[in-house]
Amino acid sequence: MNNILFFAHLRDAVGRESVQLDASGKTVAELKQLITDKYEAVNLEHVMTAINEEFASNEDVIHDGDEVAFIPPVSGG
Amino acid sequence: MNFYEISKEPIIIQEVIDKVVQREAGAITTFIGTVRELTHGKKTLYLIYEAYESMAVKKLEQIGQEIKERWSGTEVAITHRVGKLDITDIAVVIAVSTPHRADAYEANRYAIERIKEIVPIWKKEHWEDGEEWIGNQLETVAYPKGKPEEKDLNE
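Protein sequences appear in the order of chains A and B.
Add 328 to the 1-based position in the first sequence for my numbering, that's all there is to it.
Add 1094 to the 1-based position in the second sequence for my numbering, that's all there is to it.
Just chain B, with the same shape it has in the complex (with noise of 0.2 Å):
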């Protein structure tokens, strides 16, 4: 079974959450990242999502990794969609199952936020009157070093 995938289809969230279901879990938290209209006030008519793929996977298993050290008994499973999308549609489903709620829920946080950190998929977004690929032109997230700090890699 492939817990971590890139989807060129639409998710099916059932399919990612019957991934974690084990006998040892009491809980099963699902994240749904979806396609938002409005961004500062600026609307979206569409997103594009592109992944270098076979190392976006890669990263993926590697936060699952991360997640299974850090709370045990942890079932992850992680699905992100490339392509074109439009508003509302599903970009990523994330679920955590184990023992306890209260890491169910840290773990699944935890996924998203690396995904946002170290898995190289981006998204280019299509306003009324323009595109843009988001994280570039405002610089606002720089890499002097040419690769993500200690710090980024080894949680």
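So here's chain A without its partners, still in its complex pose (with noise of 0.2 Å):
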């Protein structure tokens, strides 16, 4: 199973901070698109992702027990 963490407006979008699912397998891109299917009000077309608090790419695979969140463009300082 895999942990995915919302924060801003994201958090907003989905109604909740965390999901758990299973994107074992997974590339994020197709990750990003399960979501999408899921919650028809998250747009991840401008988010970047991190997996185990790393920036990660659309063509990176999780893996089982990866934690994975989607980062906005972050607002800090």
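Honestly, the hints are just simulated from the structure, not real lab data.
No residue lacks a Cβ here, since even glycine has one placed at the ideal position from N, Cα and C.
Please note that a few of the clues may not be correct.
Label-pair restraints from in silico Cβ distances [to be verified]:
| id | chain 1 | residue 1 | chain 2 | residue 2 | range |
| --- | --- | --- | --- | --- | --- |
| 1 | B | 1096 | A | 345 | 45 to 53 Å |
| 2 | B | 1106 | A | 344 | 21 to 29 Å |
| 3 | B | 1220 | A | 382 | 27 to 35 Å |
| 4 | B | 1104 | A | 357 | 19 to 27 Å |
| 5 | B | 1126 | A | 393 | 38 to 46 Å |
| 6 | A | 352 | B | 1223 | 27 to 35 Å |
| 7 | B | 1132 | A | 391 | 27 to 35 Å |
| 8 | A | 350 | B | 1107 | 45 to 53 Å |
| 9 | B | 1116 | A | 357 | 18 to 26 Å |
Here are the simulated DSSO-like pairs of lysine-lysine, each with C-alpha atoms no more than 30 Å apart in a straight line [said to hold, decoys possible]:
| id | chain 1 | residue 1 | chain 2 | residue 2 |
| --- | --- | --- | --- | --- |
| 10 | A | 354 | A | 366 |
| 11 | B | 1137 | B | 1162 |
| 12 | B | 1162 | A | 366 |
| 13 | B | 1210 | B | 1113 |
| 14 | B | 1102 | A | 354 |
| 15 | B | 1162 | B | 1113 |
Once you've looked at the hints, go ahead and assemble the two chains, each given alone in its own frame, into the complex.
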């Protein structure tokens, strides 16, 4: 299983801060598709992705137990 | 000592500065990021900052490492606050010490620019007539590859 985290406006769109689902073997791009099919209000085109707290690209493959976070454009400082 | 912190409490500037004090230093620069009332004429009432805390600390550490590789003899400490912040509250404090002052200014500027690129911290603006997470609706920043560009990751 995988813990999928949402932040900022993505959290508002999904309505919760995390969901549990099995994404092992899927690429980041495939997971994005799965999420946007499930939550129509969510647009993941302009967000970054982190796997286990490191930035990942759309082609990277998710393994069982990985924590995946969708990261909208950051605005700290 | 934790040189890189996400804090729910008000930041004490002196504590951040104290972390970078070293005998080799001839300069310490301190950047203090504060909450501004007016942005493009729009009046902010307050801000909410939130962070992906564990990753944010890692990315602050990465920035510190980049600085140490680029400017030798440098010490860096960064604390970023999260939660509800009112106008004039301190959102971030960056302290950099170096042997010579030019490097201290440059390295400190580098740190805040990098925070705005790679550290997972977001702010939600609360105005008199509404609220909005900054950095989304306008979509002025996009990541077509799903992560920062290589140049952003490895300066």
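Against the structure, the hints:
In this structure the supplied range 45 to 53 Å is violated for residue 1096 of chain B paired with residue 345 of chain A, their Cβ-Cβ distance being about 25 Å. For the hinted restraint 21 to 29 Å between residue 1106 of chain B and residue 344 of chain A, the CB-CB distance of approximately 34 Å leaves it violated. Our hint of 27 to 35 Å for residue 1220 of chain B and residue 382 of chain A holds, since their Cβ atoms are close to 32 Å apart. At roughly 42 Å, the beta carbons of residue 1104 of chain B and residue 357 of chain A sit outside the given window of 19 to 27 Å.
Between residue 1126 of chain B and residue 393 of chain A, the C-beta spacing of about 40 Å keeps the proposed range 38 to 46 Å intact. Checked against the hint of 27 to 35 Å, the pair residue 352 of chain A and residue 1223 of chain B fails, with Cβ atoms roughly 45 Å apart. Between residue 1132 of chain B and residue 391 of chain A the beta carbons are some 47 Å apart, a value that contradicts the proposed interval 27 to 35 Å. The hint said 45 to 53 Å for the Cβ distance between residue 350 of chain A and residue 1107 of chain B, and at roughly 47 Å that hint holds.
A beta carbon spacing of about 46 Å between residue 1116 of chain B and residue 357 of chain A contradicts the range 18 to 26 Å that was offered as a hint. Between residue 354 of chain A and residue 366 of chain A, the direct Cα distance comes to roughly 16 Å. Compliance with the 30 Å bound is thereby established for this hinted pair. Proximity of residue 1137 of chain B to residue 1162 of chain B is assessed by CA-CA distance (about 39 Å); at most 30 Å being required, the pair is judged violated. Note on residue 1162 of chain B and residue 366 of chain A: the hinted pairing is violated, with a Cα-Cα distance of about 44 Å set against a maximum of 30 Å.
The straight-line distance between the Cα atoms of residue 1210 of chain B and residue 1113 of chain B is roughly 23 Å, inside the 30 Å bound, and the hint therefore holds. The suggested pairing of residue 1102 of chain B with residue 354 of chain A is violated, with an alpha-carbon distance near 36 Å, which exceeds 30 Å. A threshold of 30 Å between alpha carbons decides the hint, and for residue 1162 of chain B with residue 1113 of chain B the separation of about 15 Å falls inside it, so the pair holds.
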